[in-house]
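In order, the protein sequence lines correspond to chains L and R.
So the first sequence is numbered by this note's numbering: it starts at 1 and just counts up by one.
So the second sequence is numbered by this note's numbering: it starts at 328 and just counts up by one.
Take these hints with a grain of salt, some might be off.
As the list claims (entries may be wrong) - In silico SDA-like links for lysine to any residue, alpha-carbon gap of 20 Å or less:
#1 R/527 x L/129
#2 R/527 x L/192
#3 R/527 x L/158
#4 L/168 x R/673
#5 L/168 x R/708
#6 R/527 x L/314
#7 R/708 x L/130
#8 R/708 x L/119
#9 R/708 x L/129
#10 R/527 x L/196
#11 R/527 x L/73
#12 R/527 x L/50
#13 L/168 x R/527
#14 R/708 x L/314
#15 L/168 x R/671
#16 R/708 x L/122
#17 R/438 x L/158
Unchecked claim - Pair ranges (Cβ atoms, derived):
#18 L/258 x R/699: 26 to 34 Å
#19 L/258 x R/447: 47 to 55 Å
#20 R/519 x L/57: 22 to 30 Å
#21 L/287 x R/444: 20 to 28 Å
#22 R/463 x L/265: 47 to 55 Å
#23 R/616 x L/47: 57 to 65 Å
Said to hold, decoys possible - Reference excerpt, derived from the structure (chain L facing chain R, CB under 7 Å, subset only):
#24 57
#25 64
#26 67
#27 69
#28 71
#29 72
#30 73
#31 252
#32 277
Keep in mind that the hints were calculated from the coordinates and are not lab data.
We treat Cβ as the ideally placed atom computed from N, Cα and C, and that holds for glycine.
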Amino acid sequence: LTASSEAASAPRTVDRAAQAAQAARRTRTNLLADGAFAVASGATLLIVLAILVLILFDVIRNGTPHLSWAFLSQAPRDGMTGGGIFPAILGMVEMVILMTIAGVPIGVATAIYLHEYASPVSWLTRAIRIAVANLAGVPSIVFGLFGLGFFVQFVGAGIDKTLFHGEKVYGQPALIWAALTMAVLTLPVVIVATEEALRAVPRELREASLALGATKFQTVFNVVVPQASPGILTGTILAVSRGAGEVAPILFTGAAYFLPLLPKGLSSQFMSPSYHVYVLSTQSPDVDATKPILYATVLVLLALTFTLNIAAVVVRARMRRRAGVAA
Amino acid sequence: MSQGRHAFVNDECFHAPVMTPEGATPAGSSLPARISTISREGASAGESPSSRAIERRKRRSSARVNVPPARPPRLNLSKAPFWHRAAEWLLHALAISAIVAIVLILVFTAKEAAPILYSKVVREEVTLVKMWMTQLWPGYDEAQSVWQPVSDVPKFGVWPLIVGTLKVTIVAMAFSVPLGVGAAVYVSQYAGARTREIVKPVVELLAGIPSVVLGFFALMVMATWFQNVFHLESRLNALVSGVALSFAVIPVIFTLSEEALRAVPRSYVEASTALGAARWQTIGRVILPAASPGIAAGIALGLGRAVGETMIVLMASGNAAIISASLTDSARTIAATIAAELAEVVFGGAHYTVLFFLGTLLFLVTFGINTVGDWAIRRMKRRLGSTT
């Protein structure tokens, strides 16, 4: 009897040992695979971060030597081989201000409508959302075509025909048309940021306001919008950053390579650092002579967009923290 | 009198600390005393001292939350004042701006492209069908699709541009999909909250780099590196511009993938772990499949960006309109062609019309890609939303 039981238990022990070995092997493979997975995905992240560092390093190293107050405050000289980029900076600032005035209120209004008034399932809401998502994806060069076809050729020429008896004033590339084109381009940025901020406003605030007898309009504009203002600010900052950097939409709607005079009004052309970078790096007859200026211009552009983006990140982080505390 | 008392009671509701137990009772006798407390706070004599005090307090507290003007509760739900409703109408009108913008973009790019269908002058040089066909041009041995709009015999064959666009896009996607998704996997699955808090804004910075700066970097720096490393014939080529383009696409794919990966419900992970799956098995067989619609959406939106991106390609691809399969040859994309040529064409001419036609094509293609991506995001949200 004992012998038979021993005989029966022997295979079982072997079986157990084999199982344990298999389990150990499996955990070892798993550990290896886990490590490989983490290392591989971590490496991709490092590559992505390295790209940014590389670009920054190169631009800062080559751009700082030529950067000076004179560079920022003077006009270009000697066929773009000397002087500074003041007219370009000024042109960009004017364009961005016009763009903000034209675009931000519309974007904020759309976001308020979408989040505070519209029924989330109505066909109009859905259509607006699809339009916003697609507007964000329209290639920037198509915005340039649109600006030329609509603002310059249609609206501008129309204004000329009715007000200036066919004389070309607004029917040509101009500051105002570039700014309006850019306003359309940055519309989704403002809408998305504002809506996110509106979503973060606690429901109780709205209810409290309504319970106190405020109308819907009063609730939205005296309670909800002030609470969401950091988000609106974020959207505006991001829009400005985008508008300052884009080139394709202003190629045919108002940007000029070199202007002897500063822009005089809405109908004059303007210079822009981003366009400056494009022209200097592709169409310069003397690359070595313009290279320091080119790098310095890129540095200015990059510093500007980075400052704006970091500001947006900070404002948004603060807003999120506050919303988290409130909720 | 009743009106005044009403306002007064309401005022006490707003400033609870002032309220006394008897304050809630509408007894007439205690009224003057309470009015005097408020007037001591600074309201000078007037027809309605309490309303002055309210005004003042409201002004003081407006820095935090704008307390709506103290008024009796509107129990008889009267209509909002006319100008409120007018402002709301305006809001509704402005809200359709995005739709108007999309429609206007399509209408006005298509409008400038339309003469290709009917204008005699334009159709003498190019028609919709001829653009897509190979032709035996004078000076060529065999029928070819050639893009040479500025020459004695303008040639508008679009295939070189389409091949160029595809080449650059494929290179960009080949780099950005693994990098974007891989980084998203790391940040969402392995990295701690602190790392994520640092990495996400940094990637946003990468997204914020103007495309002209990326193009500049590709043109001045990367092109030289690539030439030194690979000993390429043409300094500017599809490879350089594709890699530079991927820098612009990576943030798009990363952001959406990371969001999708983090939106996968915890219960999925717990179930998988409970079944004895290792970490990598859970990630590879549970989390990634569950997040796949979101990742696909990210890839789709990234693809839309890659197809339509102009400045990077314009500056770094060399812009030679040739049909070749080699990635190290120069390439010319649709978007770059429009940007490079539109400034020098005759308004309303054949070339102008064709460029607008290409723009319309680009718009429709990216619109399609984005709509698919957007739909995928929505589906993903619905699917994951219903299971939690």
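Hint by hint, here is what the structure shows:
1. In summary, the hint linking residue 527 of chain R to residue 129 of chain L is not supported, as the alpha carbons are separated by about 25 Å, beyond the 20 Å threshold.
2. Of the supplied pair hints, the one linking residue 527 of chain R and residue 192 of chain L holds, its CA atoms being roughly 18 Å apart against a limit of 20 Å.
3. Pair hint residue 527 of chain R plus residue 158 of chain L does not hold up; C-alpha atoms about 46 Å apart against a cutoff of 20 Å.
4. Proximity of residue 168 of chain L to residue 673 of chain R is assessed by CA-CA distance (about 17 Å); at most 20 Å being required, the pair is judged to hold.
5. A distance of roughly 52 Å separates the Cα atoms of residue 168 of chain L and residue 708 of chain R; the hinted pair therefore is violated under the 20 Å criterion.
6. Distance restraint check for residue 527 of chain R and residue 314 of chain L: the Cα-Cα separation of roughly 12 Å lies within the 20 Å cut-off, and the hinted pair is therefore satisfied.
7. In summary, the hint linking residue 708 of chain R to residue 130 of chain L is supported, as the alpha carbons are separated by about 15 Å, within the 20 Å threshold.
8. Simply put, residue 708 of chain R and residue 119 of chain L have alpha-carbon atoms about 19 Å apart, close enough for the 20 Å limit, and the pair holds.
9. Straight-line distance between C-alpha atoms of residue 708 of chain R and residue 129 of chain L comes to about 15 Å, which keeps the hinted pair within the 20 Å bound.
10. In summary, the hint linking residue 527 of chain R to residue 196 of chain L is supported, as the alpha carbons are separated by about 17 Å, within the 20 Å threshold.
11. Restraint check for residue 527 of chain R and residue 73 of chain L: not satisfied, since their Cα atoms lie roughly 35 Å apart, outside the 20 Å limit.
12. Our distance criterion of 20 Å between C-alpha atoms is met by residue 527 of chain R and residue 50 of chain L, whose separation comes to about 14 Å.
13. Taken as a hint, the residue 168 of chain L and residue 527 of chain R pair is broken in the structure, with Cα atoms around 48 Å apart against an allowance of 20 Å.
14. Using a Cα cut-off of 20 Å, the hinted pair residue 708 of chain R and residue 314 of chain L is violated, with the two alpha carbons roughly 28 Å apart.
15. For the hint linking residue 168 of chain L to residue 671 of chain R, the alpha-carbon distance of about 19 Å falls within 20 Å, and the restraint holds.
16. A threshold of 20 Å between alpha carbons decides the hint, and for residue 708 of chain R with residue 122 of chain L the separation of about 18 Å falls inside it, so the pair holds.
17. Restraint check for residue 438 of chain R and residue 158 of chain L: the C-alpha separation of about 16 Å stays at or below 20 Å, so the hint holds.
18. Distance hint for residue 258 of chain L and residue 699 of chain R: a CB-CB separation of about 43 Å, inconsistent with the stated range 26 to 34 Å.
19. Range check, residue 258 of chain L to residue 447 of chain R: about 39 Å between beta-carbon atoms, so the 47 to 55 Å window is missed.
20. A C-beta distance of roughly 27 Å is found between residue 519 of chain R and residue 57 of chain L, which places it inside the suggested range of 22 to 30 Å.
21. Residue 287 of chain L and residue 444 of chain R have their C-beta atoms about 44 Å apart, which leaves the hinted 20 to 28 Å range violated.
22. The beta-carbon spacing between residue 463 of chain R and residue 265 of chain L, approximately 53 Å, falls within the hinted interval of 47 to 55 Å.
23. Distance hint check: the CB atoms of residue 616 of chain R and residue 47 of chain L are about 25 Å apart, inconsistent with the given range 57 to 65 Å.
24. For the restraint placing residue 57 of chain L at the interface with chain R, the shortest Cβ-Cβ distance is roughly 10 Å, beyond the 7 Å limit, so the hint is violated.
25. The closest approach between the C-beta of residue 64 of chain L and any C-beta of chain R is roughly 16 Å, which is over the 7 Å cut-off, so the hint fails.
26. Against a cut-off of 7 Å between C-beta atoms, the interface hint on residue 67 of chain L is violated, since the closest Cβ of chain R lies about 15 Å away.
27. Look at residue 69 of chain L: its Cβ only gets to about 23 Å from chain R, farther than 7 Å, so that hint breaks.
28. Taking 7 Å as the C-beta cut-off, the interface hint given for residue 71 of chain L is violated, the closest approach to chain R being about 17 Å.
29. For residue 72 of chain L, the interface hint is violated, the least distance from its beta-carbon to any beta-carbon of chain R being 18 Å, above 7 Å.
30. Of the supplied interface hints, the one on residue 73 of chain L is violated, with its beta-carbon coming no nearer than about 22 Å to a beta-carbon of chain R, more than 7 Å.
31. The closest approach between the C-beta of residue 252 of chain L and any C-beta of chain R is roughly 6 Å, which is under the 7 Å cut-off, so the hint is satisfied.
32. For residue 277 of chain L, the interface hint holds, since its Cβ comes within 7 Å of a Cβ in chain R; the closest pair sits about 5 Å apart.
Checked against the numbered hints above, the structure breaks hints 1, 3, 5, 11, 13, 14, 18, 19, 21, 23, 24, 25, 26, 27, 28, 29, 30 and satisfies the rest.
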